[in-house]
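Here is what each chain is made of, one letter per residue.
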Amino acid sequence: MKYAGLLVMPAGFFLTIAAILLFPAPAPRAAFVFCGLGVEALGLTVAVRGHMELRGGRAND
Amino acid sequence: MTDALFVLTLALLLLSPLAIAGVALINTGLGRSRSAAQSLLGCLAILAVTAVVFAILGASLTGSAGGPSFSFWISGKPWSFIGAAPLFLAGLDTAQPQAQLALLAEFFAVALAGLIAWGSGADRLRLSAGIAIAAVLAAVVFPLLAHWIWAGGWLAQLGDHFGLGAGFQDPGGAATIHALGGISALAIIWITGSRKGKFPKEGLSTAMPGHNAVYVLFGSLLSFIGWMAFNLSGAILWLHTPASALAATAINTLLSASAAVIATFVVTRIRFGKPDASLCANGWLCGLVASSASAALVPPAAALFIGLVAGIATPLLVELFELALSIDDPTGAVTVHAIGALWGLFAAGLFSSNIGQFTAQLVGISALLGFFFPLIYLLFGILNRFVAFRVNPDGERIGMDLDELGGGAYPEFVIHRDESYR
Chain A
1 MKYAGLLVMP AGFFLTIAAI LLFPAPAPRA AFVFCGLGVE ALGLTVAVRG
51 HMELRGGRAN D
Chain B
1 MTDALFVLTL ALLLLSPLAI AGVALINTGL GRSRSAAQSL LGCLAILAVT
51 AVVFAILGAS LTGSAGGPSF SFWISGKPWS FIGAAPLFLA GLDTAQPQAQ
101 LALLAEFFAV ALAGLIAWGS GADRLRLSAG IAIAAVLAAV VFPLLAHWIW
151 AGGWLAQLGD HFGLGAGFQD PGGAATIHAL GGISALAIIW ITGSRKGKFP
201 KEGLSTAMPG HNAVYVLFGS LLSFIGWMAF NLSGAILWLH TPASALAATA
251 INTLLSASAA VIATFVVTRI RFGKPDASLC ANGWLCGLVA SSASAALVPP
301 AAALFIGLVA GIATPLLVEL FELALSIDDP TGAVTVHAIG ALWGLFAAGL
351 FSSNIGQFTA QLVGISALLG FFFPLIYLLF GILNRFVAFR VNPDGERIGM
401 DLDELGGGAY PEFVIHRDES YR
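Line by line, the protein sequences are chains A and B. For the first sequence, our numbering gives the first residue as 1, with consecutive numbering after it. For the second sequence, our numbering gives the first residue as 1, with consecutive numbering after it.
Check each hint, because a few of them may be wrong.
Claimed, not checked - With a Cα cut of at most 27 Å, we get these calculated DSS-like pairs of lysine-lysine:
1. B:K274 to A:K2
2. B:K198 to B:K77
3. B:K201 to A:K2
4. A:K2 to B:K198
What the hints contain is simulated information worked out from the structure, not anything from laboratory work.
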């Protein structure tokens, strides 16, 4: 799960690169960049959850 | 660059190692007494290793603005991604004065980034691992990021090529030093694991306070001088700010840190009934980190606001990361340096009147989180296979000083049995 999150994060980065290349207008470009950051945040959340040590005897590896 | 400006910038850069000294003291003070000597020796070792590795290879890959580099072409635009300067600092004596000063700034920047990462592994990260991590940062990671931002790389060129303001701006090293150090710290925390006994199977996490609040608070004061130096020299080198405008940058740095420490003081006073010294120090530092991105770019009122937000967020996030997310971060590197830097970079765009500049800052933040964090995690994960990050359990129990150095930092004081171990 933690590795999946870390793989999703570069996808968000490439979304922001695509935003620069595909959208000449400033407002849609900024919005698309925000979408890319949102994907990165999602990936980071998954990575954090994957690394959290669960209480009660179970631990993530 | 005039001679007077050269001398001024050189003088400022020679003060910037005080930030290194301050962070070293803070790292040591927030760790345990049984690891104090190893912590400070590690700081010294990291300073040395980053300097040597950066001189041999890193400086070549960083390059300089207008210097040789490797680029690839997308949409008819060059995307410069790595420098191609000569190895071993060849040609340094004939380089332009500004390029020489930029190189000196980069030496100190990479050392500080390495120290930030080192502090996150307090009490369990082996010295050899810390040195290896610093070598990787100095050889590959920092040069890549510094080239993109400071040496004419594609992030700096976003303004010229895509109309995004003046391109991604980071005058004080918020991205290249603090965000890089903070995300490296998170990778180290996750790979090395938490300190033994920190997160018991049941109940709250174990409090493991720093062993010397005086180190932490004095380190914060020392850091302030170094931060002033980094911010002012960065404004000259990367923004070409005239000397007459530097006082405003210095004032903004002071305002950001002051607002942050006042905010942290009030929050901890309300939250815990009494202000917390180490959290206030971290709040001060977070304000300084946020000012690294914004002090040279925003008006004083904005600097106050930026510091205020940093100061409010610091104690809350430190608590959140430990209690809710099980992130064992003894020095608060992730909160102070990663979050503080990202907030400063975001705020620098927010308070810009140009939406293109705001977008450029977001792209830089995206690169840090989406490219560099996974890259660092991958590199450190591979490194851990060759140079074990974590000390053995017996070594952790007796302390890093005795295990790695054969002697404690405080031999005249009796070390009491650790009653918090369970």
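Hint-by-hint comparison with the structure:
no. : hint            : in the structure
1   : B:K274 to A:K2  : violated, 38 Å
2   : B:K198 to B:K77 : violated, 51 Å
3   : B:K201 to A:K2  : holds, 21 Å
4   : A:K2 to B:K198  : holds, 21 Å
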